[in-house]
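Chemist: Sequence:
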Amino acid sequence: KSRHAYTFHVIDGNADYPKENWLQRPNLPLRGFI
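Residue numbering for the sequence shown follows the working numbering, beginning at 293 and increasing consecutively.
Simulated pairs of lysine to any residue, SDA-like, Cα-Cα distance not exceeding 25 Å:
1. K311 with F300
2. K311 with T299
3. K311 with P321
4. K311 with H301
5. K311 with R323
6. K311 with G324
The calculated label-pair distances, taken between Cβ atoms and stated as ranges, are:
7. R317 with H296: 20 to 28 Å
8. P318 with K293: 36 to 44 Å
9. Y298 with R323: 14 to 22 Å
10. T299 with N319: 17 to 25 Å
11. R295 with P318: 29 to 37 Å
12. K293 with R317: 32 to 40 Å
13. L320 with A297: 16 to 24 Å
14. G324 with Y298: 17 to 25 Å
If you are wondering where the hints come from, they were derived from the structure by calculation, not from laboratory data. These figures come from a predicted structure and were not determined experimentally. Cβ coordinates follow ideal geometry from the N, Cα and C atoms, glycine included.
Whole structure, please, built from the sequences with the hints as guidance.
Modeler: Written out as structure tokens, the structure is:
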């Protein structure tokens with residue numbers, strides 16, 4: 293029986309992250325959910 297795997301990433305919206313960080317993609321920008 294197969295199972296689903298999920299990943300949840302939490303980041304600080306006020307933090308400065310390196311430009312080469314994989315989470316900062318221009319075609320899919322980060323956005324809040326609250």
